[in-house]
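Guided by the hints, dock chain W onto chain G, whose structure is given.
Here the protein sequences line up with chains G and W, keeping their order. My numbering puts the first residue of the first sequence at 1, with every later residue one more than the last. My numbering puts the first residue of the second sequence at 1, with every later residue one more than the last.
Worth flagging that the hints you see were computed from the coordinates, not collected in a lab. Think of the CB as a built atom: it goes at the ideal place given N, C-alpha and C, for glycine as much as any other residue. Keep in mind that a hint or two might mislead.
Said to hold, decoys possible - Heads up, incomplete: computed chain G residues facing chain W, CB under 7 Å, no partners named: (1) Trp-78; (2) Ala-173; (3) Pro-277.
To be verified - Residues from chain W that keep clear of chain G, each with C-beta distances beyond 12 Å, as calculated: (4) Ser-13; (5) Glu-35; (6) Asn-65; (7) His-67; (8) Leu-68; (9) Ala-93; (10) Asp-112; (11) Glu-113; (12) Thr-120; (13) Met-166.
Unchecked claim - Here's a subset of chain W near chain G, in silico, CB distances under 10 Å, partners left out: (14) Gln-72; (15) Leu-78; (16) Met-80; (17) Glu-85; (18) Arg-92.
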Amino acid sequence: MAVVLFFGAGSQLYTRTGFAGYGVLVMGTWVLSLLSKRERNDFLSITFRWPVYRKIRLVENGIILLPFVLLLLFEGDWALALVQGVVGVAMSFLRISSSPTYTIPTPFGAYPFEAAIGFRRFWWLIGGAIFLLVMGVRADNMELAIFSYGGLMLLYLMFYQEPEPPFYVWIHANTPQQFLVHKLTVAAGYQFLLGVPFLATILYFFPGVGWPLLIGPAVAALNLALTILIKYSNFPHPLNIIHSLALMAGLILWPLLLFLLPYYYQRALPILAIHLPGVDDQDHTTLSKLS
Amino acid sequence: MLELKNLHKSFGSQSVLKGISASFKPGRVYGIVGENGAGKTTLFRCIADLLSFEGEILKEPADFNHHLGFLQTNNLLLPMMTGREYLRLLTRARHQTVDDFDQRNVFDLPLDEYARNYSTGMQKKLALLGVLLQGNQCLILDEPFNGVDIQSNIIIAEIIRELRRMGKTVLISSHIFSTLSDTCDEIHLLRDGRFVKSAGPADFADLEREMIRVTVGDRVARLGLM
Chain G
1 MAVVLFFGAG SQLYTRTGFA GYGVLVMGTW VLSLLSKRER NDFLSITFRW
51 PVYRKIRLVE NGIILLPFVL LLLFEGDWAL ALVQGVVGVA MSFLRISSSP
101 TYTIPTPFGA YPFEAAIGFR RFWWLIGGAI FLLVMGVRAD NMELAIFSYG
151 GLMLLYLMFY QEPEPPFYVW IHANTPQQFL VHKLTVAAGY QFLLGVPFLA
201 TILYFFPGVG WPLLIGPAVA ALNLALTILI KYSNFPHPLN IIHSLALMAG
251 LILWPLLLFL LPYYYQRALP ILAIHLPGVD DQDHTTLSKL S
Chain W
1 MLELKNLHKS FGSQSVLKGI SASFKPGRVY GIVGENGAGK TTLFRCIADL
51 LSFEGEILKE PADFNHHLGF LQTNNLLLPM MTGREYLRLL TRARHQTVDD
101 FDQRNVFDLP LDEYARNYST GMQKKLALLG VLLQGNQCLI LDEPFNGVDI
151 QSNIIIAEII RELRRMGKTV LISSHIFSTL SDTCDEIHLL RDGRFVKSAG
201 PADFADLERE MIRVTVGDRV ARLGLM
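Chain G with its partners taken away, still in its complex shape:
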């Protein structure tokens, strides 16, 4: 099922843009980065002898990359498939610290925390998006420039998918409605801030861009809202397969957002009411039953 979904989504991507191969490459590299975390690799290297550890890292990177490489080969992106393989081998030697000592400055520190943390975790992917934008401008390729913006917006959605510890919700002196409105406002504001340089560049170099410049940010903002609402509709548990499908549906079939957004908003409210015990729930016996 997962394999069919993966190749189906990959083929869809290829039918929509000529730069899908780069997207697959970036996605594969991102998945590899999850296996390269320092704590995980430190544990493996002290548990196994060095040659065994090396073999484990090469094999697991190979297994993870296999579908990405096969997809690239299937679509005829031979060079990118080769690059993906080389990246896989190179990343088996990497140990990425989850909390490096150097503090990466961000413009998102005023209202922590998702955008600031996401920016620091994925700065290199943001750098990749900037690279694609510059390439698009240099090659006078509007599609590539728009693709870089789309990729950036997709990346931004990821900042908001992982549920935080319940304490980070509990601290808010808000009703569930206020909490959601605040979250959505801050997230949309920072999304705009992150995307504006891209949009301005596209508008400046491709003045005939037309509707994508208007539709793109609106769809990105609506999908961001959906991501946040889905997260809190299942809080504090991580997203499941149904949620992932709903997110994909929102990305591909935009009109569905009209139904998905109010649906998940209504689902999130009672969940947040449990985690935001405030003025409305002094009947703690009732609260106990809810929990």
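Quick look at chain W alone, frame taken from chain G:
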């Protein structure tokens, strides 16, 4: 005002709190002592509504939880979040506008570094600073002295006395009896899910002796030191 009436909490078949009743008033500092696993943290999490429970907890005013600060044993700091951002998040969450974090950084923490990289004691001090800057009326401090250097312990004890002078309700747990007897108006001994003894300052010495008697028992003799 905070009042617990016949509070029970179980995790599956394991009963952790077995009918806790107590009243906590403003302008007083309450200590909760007990061995590891006695139920101190569970009690605090029930009061904060972070856990469900049976029984009743009466809170006044109606938005009591919005003025409740909770220093947890585990600080749950997020990766790649600086100390300054953590403080900003906590204060903004309670609608407090605090701009002079450097001025108020009484523990001299490196606020622009990632809080996850702090030592255990520094993380504890950051979490405590966050709770204090929220301007709460009631504070639950779960092991505030754990892992903290002696100089900071002195500062924390003085801060707790200042909170009492300001008329706030403070609940503290600690494994170190002397830190509680120095700061508390009342200490409750939690054992096997119940408050088995409560004492005011005049009876702290008796309470400590009682704790030593029950806790140590014949353990040292059994060790057979030569």
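These are the hints, each one checked on the structure:
no.: 1; hint: Trp-78; verdict: violated, 37 Å
no.: 2; hint: Ala-173; verdict: holds, 4 Å
no.: 3; hint: Pro-277; verdict: holds, 4 Å
no.: 4; hint: Ser-13; verdict: holds, 18 Å
no.: 5; hint: Glu-35; verdict: holds, 25 Å
no.: 6; hint: Asn-65; verdict: violated, 5 Å
no.: 7; hint: His-67; verdict: violated, 8 Å
no.: 8; hint: Leu-68; verdict: violated, 9 Å
no.: 9; hint: Ala-93; verdict: violated, 4 Å
no.: 10; hint: Asp-112; verdict: violated, 6 Å
no.: 11; hint: Glu-113; verdict: violated, 6 Å
no.: 12; hint: Thr-120; verdict: holds, 15 Å
no.: 13; hint: Met-166; verdict: holds, 19 Å
no.: 14; hint: Gln-72; verdict: holds, 7 Å
no.: 15; hint: Leu-78; verdict: holds, 6 Å
no.: 16; hint: Met-80; verdict: holds, 4 Å
no.: 17; hint: Glu-85; verdict: holds, 4 Å
no.: 18; hint: Arg-92; verdict: holds, 7 Å
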